[in-house]
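Undergrad: Here is how the chains run, residue by residue.
Number of protein chains: 2
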Amino acid sequence: MARGFFYLTALGLYFNIDKYQILLLPRYGRAIILAMKVSELGEFGLIDLLAKMAHRSRDKQTPAWQQLIIGIGDDAAAWHSDAAAQLATVDSFIQDVHFSLAVTPWEEVGWKALAINLSDIAAMGGVPRYAVVSLALPETTEVGYITILYRGMIELAKQAGVAIVGGDTSSAAQLMINITVLGSTQDEKENILTRSGARAGDKIAVTGYLGAASAGWEILRGKPRIKAKATATLKEAFLHPFPRIAEGQLLLKQGIRTAIDISDGLCSDLGHICRASRLGARIEVDRIPVHPEVRANFSNKALELALSGGEDYELLFTGRAEVVNRIRGLTPCPITIVGEMTLDKRGQVTLVDSRGSPFELSKGGWEHFRETQS
Amino acid sequence: MARGFFYLTALGLYFNIDKYQILLLPRYGRAIILAMKVSELGEFGLIDLLAKMAHRSRDKQTPAWQQLIIGIGDDAAAWHSDAAAQLATVDSFIQDVHFSLAVTPWEEVGWKALAINLSDIAAMGGVPRYAVVSLALPETTEVGYITILYRGMIELAKQAGVAIVGGDTSSAAQLMINITVLGSTQDEKENILTRSGARAGDKIAVTGYLGAASAGWEILRGKPRIKAKATATLKEAFLHPFPRIAEGQLLLKQGIRTAIDISDGLCSDLGHICRASRLGARIEVDRIPVHPEVRANFSNKALELALSGGEDYELLFTGRAEVVNRIRGLTPCPITIVGEMTLDKRGQVTLVDSRGSPFELSKGGWEHFRETQS
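Heads up: the protein sequence lines correspond to chains A and B, in order. Under numbering that gives the first Met the number 0, the residue at position 74 of the first sequence is numbered 73, and the numbers go up by one with no gaps. Under numbering that gives the first Met the number 0, the residue at position 243 of the second sequence is numbered 242, and the numbers go up by one with no gaps.
Among the clues, some could well be false.
As the list claims (entries may be wrong) - Capping the alpha-carbon separation at 20 Å, the derived lysine to aspartate or glutamate pairs in EDC-like fashion look like this: (1) B/LYS188 x A/ASP81; (2) A/LYS188 x B/ASP81; (3) B/LYS252 x B/GLU235.
To be verified - Now the in silico label distances, taken between C-beta atoms and shown as ranges: (4) A/PRO137 x B/THR349: 32 to 40 Å; (5) B/ASN299 x A/VAL96: 40 to 48 Å; (6) A/ASP343 x B/ALA50: 23 to 31 Å; (7) A/GLU235 x B/LYS344: 48 to 56 Å; (8) A/LYS157 x B/ARG345: 29 to 37 Å; (9) B/GLN173 x A/LYS36: 40 to 48 Å; (10) A/ASP58 x B/GLN347: 30 to 38 Å; (11) A/ARG55 x B/GLU235: 40 to 48 Å; (12) A/GLN65 x B/MET35: 47 to 55 Å; (13) A/LEU360 x B/GLY44: 41 to 49 Å; (14) B/HIS54 x A/VAL96: 23 to 31 Å; (15) B/LEU100 x A/LEU360: 36 to 44 Å.
These are computed hints drawn from the structure, not numbers from a lab. Since we're looking at a predicted model, the values are computed, not measured. Here a beta-carbon is modelled for each residue, glycine too, at the ideal position from N, C-alpha and C.
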């Protein structure tokens, strides 16, 4: 007779039956046998496994895959390019720095590691095409978990028309995913959205709603208990941000020249535009499009989450009022004007309330290393 | 009166005078004051510092810099491209996995982190153009050390005509440098050197000499004591490998279609060609171009270092004998035929001695995670 025990984990139902460890994953409709550490499979075995997953995900209808010459498995990846300008961006996603497995399940770690990079290409108005993926991980990591992580990454890659074409794996003390995304401009004009193109008098606008991701993070950490529907919406905003790729391209086509994605929080990211454009920014806090579920459930903390929570991966851009208003009619994505670029207080973001009085925010955006950060 | 103490470190002479810590660096002809941890400078301060260093290194005579549209400081880097095919490769360089600061000084860590990537572009016969650099490091790291590391990287980038155009920084438990190098093909024909193009009967050849880097590593770890001149040569081979970029391009122009760079060791890397080309490989060990100083100083260990030591970053390639012999007359770089691709023992590397008898090697190449590795 089989003997064993089971318990519920963040990923699913864990069974220990005789010598077998089995994890039932209702979300993915499958079970994995936890039987192999990365150390048992070895580096080349792991690379083979991930290469096969990437290869199986190829979609011959997608330009990125059509133009690929060499994918995973050689010294470098190679592809044809007919675009006039190439784009490259890199971001690291590090365990217990950028994410915690106690809050973000493996599949969503993979999704988000790619999403933060696609969001940077979106903020240039570009077309993401290829990704190279570096994985560093403890050798005791279960191979099954890594395949789940990779599946999350591949799922987003498919939806965004991106081909995963290379990478490397190493052992390390903590799980780290480092992704470089290569992209190109939309057409031969080589136009891009930069941080430095803002002009005094430009309106400042954002896509979508703000604060949902950081509210979702608070919920996942088990802090506030709110209604089930709101919980699901806000968790989803944190776990599955979809980069505003189409919107970035639309902004550029309509004549916008300045944008950044909101990763660290509106105030922090707008500060980058201010410094790069050598202007000030004045934000009317009452205009901030706080996510309705955040406004409804986080009362006096809602505005802080929207202004400095980060991880919403919405686009923040500047342009003339008539251009912003024209764009509003061309996309189902909400577009909200929240302030104006100014000649005074260069390099600074100033918050004002509805009466024009200064508004104090307790918390800045996220910055690594700072000992003073909360 | 000033009071203090001093001692000699791997980097230079360390002085502690009153409250000041000063490091004299005779190699770099300067002193740095150890007065600021990364945590005190902050993420954006560190990015600014490194961005300025990269910016100051720009060379307007270099195509990579001439074609750059946006470098460090925006959401992504952007550049013009008139090449028909793009190349991308990534490699991680992780403290206590790929390098130890007890053996490799900071500047050489920076040099090697880039070199291993340029070597992959060399093994494709490509032209390296741009690099994006991810740094993950403990927040207690001295900023001065990071600038030295970055200087080593910039020095190689300059020599190779590569522009550092982006990156990110994060905190982490161990120092990690993750670099993606972007390159292009030499001309519009889109030819590249792959691992899968070998044919039965092709000669197997290598550039340069083998074993020097791993012999240098043994010396740096303090193991063997040999003559000063040999010590300097072998240490240099380990600390400053120069990727065979020009040679890779020459191979391709002369009609070679198959190559890999020797990073893990000749046997291990040739194994990749065997598996990708679905052929066997027969190596005559007496033909191996063991570095003269290794042969002179490492007696019976010399051949093992040359066959499986790794880190030489020479190119291993296959082609018809007459093509290999023609190339030999076109470059000052030594080119040595060491064996032949075979139809039998597919996927395997076989070593034979001068009489054609099987030759046993004790040690394989380097593979991460494997519990069985020595």
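Undergrad: Provide an ascending list of the numbers of those earlier hints which the structure does not satisfy.
TA: Numbers 3, 9 and 13 - these are the hints that the structure violates, sorted from lowest upward.
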